[in-house]
Amino acid sequence: MTTSEMLEKVLSDLGRVGEIEACAIATRDGLLMQANMPAKGDPETFVAMSATMLGAAETASSELGKGVPKRVIVEADDGKLICMGAGPKALVVAMTAPEVGLGLVLVELSKSAEKVEKLL
Amino acid sequence: MIIETGIPALDDHLHGGVPQGKSLVYYAYPGVECNVFGMQTVHRAISEGGRGIYVTSSTDPRMIRDLFKEFGWDAAEYGDRFVIVDGFSGLVGADSPEQYVVSNPDDAGSLTQAIKQVMEDAREPSVIVFESLSTIMDLCGESATLDAIEEWNRYAMLYDHVVVYNFTAWPYSEDTLAHVKGDIFNSVVSIGGITEKVIFGQYFGVRKIDWDEVTKKCILFKVLKPGGVRVYLPKILVTGPFDAGKSTFVHALSTRAVSVDRLGTTVALDHGHVDHRGFAADIFGTPGQERFDPIVKLLSGEAMGIFLILDSTNTADFVRAKHMLEITESMGLPVVIVANKQDLEGALTPEEIRRGLDMAHDAPVMPVVATSREGVFEAFDVLVDRVMEAGSI
Chain A
833 MTTSEMLEKV LSDLGRVGEI EACAIATRDG LLMQANMPAK GDPETFVAMS ATMLGAAETA
893 SSELGKGVPK RVIVEADDGK LICMGAGPKA LVVAMTAPEV GLGLVLVELS KSAEKVEKLL
Chain B
30 MIIETGIPAL DDHLHGGVPQ GKSLVYYAYP GVECNVFGMQ TVHRAISEGG RGIYVTSSTD
90 PRMIRDLFKE FGWDAAEYGD RFVIVDGFSG LVGADSPEQY VVSNPDDAGS LTQAIKQVME
150 DAREPSVIVF ESLSTIMDLC GESATLDAIE EWNRYAMLYD HVVVYNFTAW PYSEDTLAHV
210 KGDIFNSVVS IGGITEKVIF GQYFGVRKID WDEVTKKCIL FKVLKPGGVR VYLPKILVTG
270 PFDAGKSTFV HALSTRAVSV DRLGTTVALD HGHVDHRGFA ADIFGTPGQE RFDPIVKLLS
330 GEAMGIFLIL DSTNTADFVR AKHMLEITES MGLPVVIVAN KQDLEGALTP EEIRRGLDMA
390 HDAPVMPVVA TSREGVFEAF DVLVDRVMEA GSI
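Protein chains in written order, with this note's numbering: chain A, 833 to 952; chain B, 30 to 422.
None of the hints are false.
Simulated crosslink set (SDA-like; lysine to any residue; CA at most 20 Å straight-line):
| # | chain 1 | residue 1 | chain 2 | residue 2 |
| --- | --- | --- | --- | --- |
| 1 | A | K921 | B | S359 |
| 2 | A | K947 | A | L936 |
| 3 | B | K254 | A | E876 |
| 4 | B | K251 | A | T835 |
| 5 | B | K251 | A | E837 |
| 6 | B | K326 | B | D290 |
| 7 | A | K872 | B | L253 |
| 8 | B | K326 | A | M881 |
| 9 | A | K921 | B | K326 |
| 10 | A | K943 | A | L913 |
| 11 | A | K872 | B | A286 |
| 12 | A | K841 | B | V61 |
| 13 | A | K912 | A | M881 |
| 14 | A | K921 | B | G330 |
| 15 | A | K943 | A | P901 |
| 16 | A | K872 | A | D845 |
| 17 | B | K254 | B | R285 |
| 18 | B | K251 | A | A867 |
| 19 | B | K254 | B | E99 |
| 20 | B | K210 | B | D167 |
| 21 | A | K872 | B | S288 |
Which residues of chain A face chain B? A few of them, derived with a C-beta cut under 7 Å, are:
| # | residue |
| --- | --- |
| 22 | L863 |
| 23 | E876 |
| 24 | A880 |
| 25 | G887 |
| 26 | T891 |
Hints listed in this document are in silico derivations from the structure and should not be mistaken for laboratory results.
Positions of the beta carbon are idealized from the N, C-alpha and C atoms, including for glycine.
Next up, chain B with everything else stripped away, as it sits in the complex (with noise of 0.2 Å):
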């Protein structure tokens, strides 16, 4: 069996999951936020019907269960499926209202003692998520630390249990990162900041699995609370023609939009946010007609992926949809044609349209209503996946 991490884009990269009795750490760089991650994959194992552990060692158990709240998972819903190995009160001297508590938090043996045991009580492979592997190590020593994770491992492979482990990269001796990141793991997840280009965003990449291949990608991240991680693509372009339903189109995608509309034309912009599939995406509409190009251009800068929108019973538009692309200087990234208005008499299949454009065989033209949503979110899988293929930072 294999254990879904809860973000579909990285389950995508580790072929599916983490196989039972494996480990992964979530190996993030300072300034970065990781403990979203861990919590995100223990609360996928728990709605699907698992049976998630989670080892707290810098955060009071109540508050662990508040922080769940704030991303919209109720940990209390799913009974003693969810269970908190308590390794932050012995540190305080505060009574701790958990049923598994690690007496000594700064002893190695006494953090294994509890996990083992919460191990052997589990009557099925369950999922163990370490709430901070770094505060363990600062706690326990880092030797220790190493050691007994490697304990912590075998048993888990022993009882079909998977681990995942959070962990920020402070500054430890070269040695005990080289080994958190190269051998005693069976997958590294990276997760880092951006800060040399323009764009200022958080990625996560595979860096590392042992049950197959590595596919080296950096993915653009978001947390959203609710939500969790969402894979975040900061400009999605959204041009086209005059009157063709750009605004509509972003208006039909968006769990929230804004125009500015002026005499029922856009002037300026549409923008959007999309909430999808685990993708969240601001969205950027062009205005459509001539006189606005200077802000098309201004607009299109930065984009990750194109939309172009078309009014499918008006072929007199197309050399203008081909100007447009050229304007937005979109050559090389992932477009999809969107034949919007297929409710409407005379409105052309999207296979004639890909031959009125002249577009390339393998383009991908989707037949949209954008006034009543039809086929919105199927245009925005297609266009997802192709960013996705394309995409790396």
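Bound-form chain A, shown alone (with noise of 0.2 Å):
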């Protein structure tokens, strides 16, 4: 199985988690590696706007010497947006319906970041 391959099985896995609507795997500068995400706009551009905001939140977070976040949440009236970093080239982004409870998605998400940095 190719690297490419591999990270398709990660997204398609994490697709099956029931709450999550889309997901995507992309470089931390922003380009496009793997997406999974069924009707939902364009995947480059999202997976650049999200490679940003990790960026700024990343920057943000340590210079005020707090640390390098986690992850960041973003809590829309339509749905909620979680981003994550999958070691340091890579970042996993995955998309939920609005009611749902973030536990088992963050769980599930932090696994296959983790899978994807040692893919890398």
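Can you join these two chains into the complex? Each is in its own frame, and there are hints to help.
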């Protein structure tokens, strides 16, 4: 299996967690590596924005001496967005419905992030 | 006469295209979509007023026409200049609506008969595309197919047809693969996936041509629907000092773009897609103010080329502009300097800007008015040419 196929598997496993509507893996600098986003708009733009968000959060938090943030969570009226670093090269991002509790999603997302880190 | 493949960057590397009477194989590694290459080549031929013949082996002819439509090409528009040789219906025992039907698709002789017939009937030199040579190989056997290919190619040469094959390199015998890559075709274009690097993508590159020199280069591509094969530049950076017009430039260039603007300035990033002259690119526009430098640094990794946007009326910012090139760590990357706001009074000429910036003599400085899109695509063309020259992945 190629690395690309392995990442695809990580995402399709993640997509099987009922609460997750869409997910993607990108480089830290905002290039799409793999997406599982059925009809959810433009994945390239989505991951570029996510990378910027995570990067900005990391800069803001570490500049203030609070260390590197574990994740960025965005709560909007129509859904939630969770963005998480996966090692120094990559990040994982997932989208859920607004009413979803984050417990399971965060656990699964962390697992996926760990896998991605090891694969790259 | 030379037949273009319909993929401009590929035609460049083939020195114009495929000469009449010659053959080309799109040699794809498993897992990479290659049929679109053959389709694009046959579409190019018919849209240029030529004749195109498409030999289908694994797909219903009606589906083929639908597939063409998905890419935005309507085969019906070209009437009898587009012909399908149906090597599929015979397999499933279906009636065929096509004029040319292969009665026994699993027999190379039967296929040869149909192909010779269509080649003879074509009143002018045409382009013949095999939808899937690998399917033919699976049906007829490897050695029978190899023999048949030689016969088809000889016949095509006789009638001045160009023959193009889509081939996926499944685990056939090493001998067979060596023949396909090596000696039975006049030219070989390999198509593969990149999985080693951090960027995941697909590339094509000319592996062999027997009518000119081969320039070994791998070119990233992406398949658009509609549109077909486009050379793909995953990241082109647009940077420059505050208020130079970076966001305006990104929007002027892009078919669709989004920006993160607050109080009239970019705080995070502009992101746009360009589809122009056979090239597709994703454009990343950085903020310009110094307090956002960490973001500029974050976004500039893995860029393939850079636009440095300048306000032509504001020489005070030139130092900052050069500093931004340093922040983006763009040393050695192709850079095009965009002398924006050329419509304003007091705008310096591109030559004056080159001197003011103390840039190399041949550094391209392009006059642009981003608000009215003047010069925007010219600047894009220059950068793309530079990236392609520099460019192997």
